[in-house]
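Participant: Residues per chain, in single letters:
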Amino acid sequence: MEPLAITWFVLIAVLWIGYLLLEGFDLGVGMRMLFASRDERERRVMLNTIGPVWDGNEVWLITAGAGTFAAFPEWYASLFSTLYVPLTLALVGLILRAVSIEWRGKVHTQRWRSAWTAGIGVGSLIAAFCVGAMLALTTLGLPIDGNGDRVGGPFVWFGWPAIVGGLAVVGFSLAHGSTFLALKADGSVRSRAAVFAERWSPACLVPAAIWAVWVQLEHGGNPLSWALVLLAVVGGAWGWVQARARREGLAFTGYAAFGLFGVAAIFAGVFPKVLPSTIDPAFDLTLMNASSSPYTLGVMTVITAVSLPIILGYQAWSYWVFRKRVTPGMIPDAHIVLPATLRDRDADRGVAPTA
Amino acid sequence: MEALDIARWQFGITTVYHFMLVPLTLGLGMAIAVMQSIWVRTGDEKFLRMVKFWGKLYLINFILGVATGLVQEFQFGMAWSEYSRFVGDVFGAPLALEGLLAFFAESTFLGIWIFGWGRLRKGLHLAALWCAVIGSWLSAYFIIVANSWMQHPVGVEMTAEGRPVMTDIWAVLTNNTAIAAFTHTIFGALIVAGMFLIGISWYHLWRRRHDGIDRADASGRVIVGEAASVPGRDRTDHGVWLWSLRAGAVVAIVAFGGTALTGDWQGKLMYEQQPMKMASAEAACHTGSSFSVLSIGDPGTTDCRDVVTLIEIPGVLGFLGTGEWGADMPGITDLEPQYVNQYGETIPDDELYGSFAGTEVNYVPPMWVTYWGFRLMIGLGGITAFGALVALWLTRRGTVPTSPWIMRLAILGILAPFAGNIAGWIFTEIGRQPFVVAPNPDPSGIDGVFMFTAAAVSPGVTIGELLFSVITLTAVYAVLMVVEIFLLVKYVRGGVASAMPELAPRHDRGDDPGDRPDGERDDVLAFAY
Chain A
1 MEPLAITWFV LIAVLWIGYL LLEGFDLGVG MRMLFASRDE RERRVMLNTI
51 GPVWDGNEVW LITAGAGTFA AFPEWYASLF STLYVPLTLA LVGLILRAVS
101 IEWRGKVHTQ RWRSAWTAGI GVGSLIAAFC VGAMLALTTL GLPIDGNGDR
151 VGGPFVWFGW PAIVGGLAVV GFSLAHGSTF LALKADGSVR SRAAVFAERW
201 SPACLVPAAI WAVWVQLEHG GNPLSWALVL LAVVGGAWGW VQARARREGL
251 AFTGYAAFGL FGVAAIFAGV FPKVLPSTID PAFDLTLMNA SSSPYTLGVM
301 TVITAVSLPI ILGYQAWSYW VFRKRVTPGM IPDAHIVLPA TLRDRDADRG
351 VAPTA
Chain B
356 MEALDIARWQ FGITTVYHFM LVPLTLGLGM AIAVMQSIWV RTGDEKFLRM
406 VKFWGKLYLI NFILGVATGL VQEFQFGMAW SEYSRFVGDV FGAPLALEGL
456 LAFFAESTFL GIWIFGWGRL RKGLHLAALW CAVIGSWLSA YFIIVANSWM
506 QHPVGVEMTA EGRPVMTDIW AVLTNNTAIA AFTHTIFGAL IVAGMFLIGI
556 SWYHLWRRRH DGIDRADASG RVIVGEAASV PGRDRTDHGV WLWSLRAGAV
606 VAIVAFGGTA LTGDWQGKLM YEQQPMKMAS AEAACHTGSS FSVLSIGDPG
656 TTDCRDVVTL IEIPGVLGFL GTGEWGADMP GITDLEPQYV NQYGETIPDD
706 ELYGSFAGTE VNYVPPMWVT YWGFRLMIGL GGITAFGALV ALWLTRRGTV
756 PTSPWIMRLA ILGILAPFAG NIAGWIFTEI GRQPFVVAPN PDPSGIDGVF
806 MFTAAAVSPG VTIGELLFSV ITLTAVYAVL MVVEIFLLVK YVRGGVASAM
856 PELAPRHDRG DDPGDRPDGE RDDVLAFAY
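First to last, the sequence lines map onto chains A and B.
With our numbering, the residue at position 36 of the first sequence is 36, and numbering never jumps.
With our numbering, the residue at position 78 of the second sequence is 433, and numbering never jumps.
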């Protein structure tokens with residue numbers, strides 16, 4: 001087996017781990033804005049915990065997609081065309097979420113803010129579910145023919161693997177996002193998130209654990225992948241113990257370990273396949289038949305080996321710069337934007353701004 | 356309607372839309388980085404205000420570019436799986452490099468810049484912006500490298516199965532087509548930024564005169580005033596707009612010169628690499644050296660018999676194509692047999708091509724689009740540069756005329772370079788048809804590497820799915836454009852104070868400051884969502 005192809009299999013797994021660990025918590029914070037905030041100031045505290053970093057986190061997804069294109073074009077082409085509908089929905093969710101985060105604070109009316117709050121929450125939910133479904137399906141298999149094209153209609157992918165995978169990422173994001181808020185926010189947002197992590201996070205992690213075990217059973221598993229499953233479960237359980245003890249930093253670390261080892265276990269379990277076919281094992285896409293040429297993989301490996309540590313360095317620095325907890329007192333007052341015109345000449349003189 | 360048509364419409368709609376947002380990000384980002392550098396150096400308040408105001412508009416626009424860019428990253432695999440399989444070995448690399456070397460820096464450092472006001476030392480905060488802007492320029496470079504490979508495939512060899520594999524990444528990254536197109540695109544983006552600065556600054560200078568704040572003396576020289584009752588409408592405010600306007604005009608004029616030079620280079624490359632594209636851009640049916648000023652005919656024609664050239668200038672076309680006055684350029688009627696000879700009369704009779712298998716290939720792109728796209732691009736660029744020159748002249752005494760019509764024209768002028776950019780891209784992409792990867796008959800290209808667009812679409816994706824996505828994305832994009840324009844207008848009308856709450860008197864700022872616990876007053880975020 002081509003060692004460079006194995007390297008890229010690992011790198012794709014690393015990119016997905018990066019995405020799920022980082023964007024996982026900001027998707028979770030986004031979803032929590034739908035149900036776990038009482039007033040405007042709380043919502044702004046929540047949003048500003050992820051404010052400086054969420055966009056950088058999302059680049060892990062873009063790079064996972066583009067890296068798959070460069071290293072495994074067959075995988076990229078077959079997976080994304082087969083999952084056309086859920087990917088379209090994921091993209092719409094991500095678009096909605098991105099503009100909602102940026103535009104929400106630009107107008108100070110109740111209606112405007114509620115609408116974009118819903119955009120952040122619903123967008124995060126759709127994106128998390130669809131990305132999870134896609135990852136579950138690429139590890140548990142899709143009905144693809146010898147050319148890698150879908151056999152069956154646009155919804156043939158919908159079934160238990162998609163549901164479990166979708167719920168896995170939604171659940172993990174909620175648990176991870178709650179421990180993140182407990183770590184990064186202060187005041188009522190912090191305490192409510194801590195209570196949620198204590199009560200609900202074990203249930204949130206169950207679908208992800210089912211997915212990880214399912215992959216092992218489906219593909220026979222191997223000692224490494226089972227060990228990783230075990231580590232994931234231990235990490236999650238330890239994180240829950242810490243969450244109950246309100247040690248927020250350790251709880252966050254525990255759930256991060258769950259995500260890290262869980263995704264690693266899933267990729268290790270499906271190795272060396274990248275997209276199994278549920279029609280015929282002969283149609284499986286694997287490291288051998290889906291990868292780019294050794295030259296391309298070599299070039300990409302060198303560039304990634306140099307750039308990834310630098311990326312991790314400056315992303316870590318950005319977290320360091322914004323390491324302080326966001327308190328309600330740090331949130332600036334709402335700023336009303338009015339036309340810069342001499343009011344006495346203006347028709348809208350005396351109209352009170354709606355706060 | 357065939358799946359291919361819907362997939363092409365989708366790619367066209369999403370990409371043109373994305374490229375309405377990107378030039379402003381590229382150009383305005385650089386302008387703001389320069390403004391902030393001047394502020395850090397001189398400490399001049401005027402430049403801080405520029406950074407804050409233009410930065411606000413930049414961010415409103417930036418996010419929509421990022422959001423719609425996501426679609427670009429995934430839709431090759433979704434709707435164009437055969438294309439992705441065919442070119443992935445070479446085409447995926449620049450996309451991955453774009454993520455690794457450009458997007459990460461752009462997004463991470465922009466986050467640091469937005470939230471870093473007052474938290475980072477001035478120099479470090481400025482460095483973060485520079486990293487973000489350089490990241491965005493790098494991303495433009497990498498995606499144009501990918502696109503240029505489709506126009507001029509280099510750095511590959513064909514495998515036994517007939518697939519191109521990369522053999523030389525350096526050749527791909529230094530593709531002359533890519534360097535020409537990247538510089539051309541960057542200059543185009545700077546024109547967009549220049550006209551944006553002019554139009555909006557014009558509005559504010561006009562507003563100040565209209566409101567009686569600024570006046571002109573007998574010689575027309577400005578007498579700067581201030582209005583205490585309007586937040587931000589002080590003397591510094593005048594300097595913000597005048598400097599922005601005149602700097603924008605200079606940038607637009609210089610950048611237009613840049614587009615002319617790089618465009619000329621591109622034209623010469625295109626004559627070598629894609630002679631059919633250039634011939635159809637000129638509606639040059641017959642080999643010769645005359646440049647068509649006006650040709651008419653059946654819109655959408657791909658047939659030379661329908662084209663009538665009314666006005667032409669002898670000799671110019673040869674100069675544009677080769678630098679030599681009067682040199683003969685190949686015309687469509689001569690090129691077509693060559694293409695048929697080299698790439699076949701019909702699309703191969705392979706099930707891969709679906710309903711297109713065995714059908715006749717038309718090697719002439721829709722001339723109506725290429726001919727007018729090319730002229731629209733050049734014409735709008737010229738009008739823009741002329742407008743910028745006029746703007747410099749009219750503002751030489753320190754303010755703008757009181758005429759509301761000139762002000763409206765300046766605002767309208769913002770749209771011209773956007774349209775010019777779009778026209779240029781539509782020309783070059785439509786001009787590549789019927790190929791998605793264009794064969795290059797010249798010696799520096801690799802002639803065997805090409806792909807018909809009809810073969811690129813995903814075989815497993817249904818018409819229903821494509822319709823679903825094109826309708827959904829178009830609808831979402833349309834709504835978001837309305838919101839973006841609404842927000843831009845709102846923040847433009849607010850002037851500098853819309854981005855600097857500290858300019859507004861306390862009671863105008865909304866929440867009662869009394870609810871803030873003591874000890875936390877100093878730690879309020881300068882920027883927060």
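It is possible that part of the hints are untrue.
According to the in silico footprint, chain A covers these stretches of chain B (three or more CB under 8 Å from chain A) [to be verified]:
id, region
1, 442–452
2, 529–535
3, 542–548
4, 758–765
5, 842–848
Everything labelled a hint here was simulated from the structure, so no lab data went into it.
Given the structure is predicted, the values throughout are model-derived calculations rather than measurements.
Here a beta-carbon is modelled for each residue, glycine too, at the ideal position from N, C-alpha and C.
Participant: Does each hint fit the structure? Answer for all of them.
Facilitator: Cross-check of the supplied hints:
Note: the region 442–452 of chain B has 10 residues with beta-carbon separation from chain A under 8 Å; the three-residue rule is met and the coverage holds. Counting residues of the region 529–535 of chain B whose C-beta sits closer than 8 Å to any C-beta of chain A gives 0, which falls short of three, so the coverage hint is violated. Residues of the region 542–548 of chain B with a Cβ under 8 Å from some Cβ of chain A number 0, which does not satisfy the need for three, so the listed coverage is violated. For a cut-off of 8 Å, the count of residues in the region 758–765 of chain B with a CB near a CB of chain A stands at 0, and the three-residue condition is violated.
Figure legend: the region 842–848 of chain B, annotated as covered by chain A; annotation consistent (4 residues with Cβ-Cβ distances under 8 Å, at least 3 required).
Hints 2, 3, 4 from the list above are not met by this structure, while the remaining hints are.
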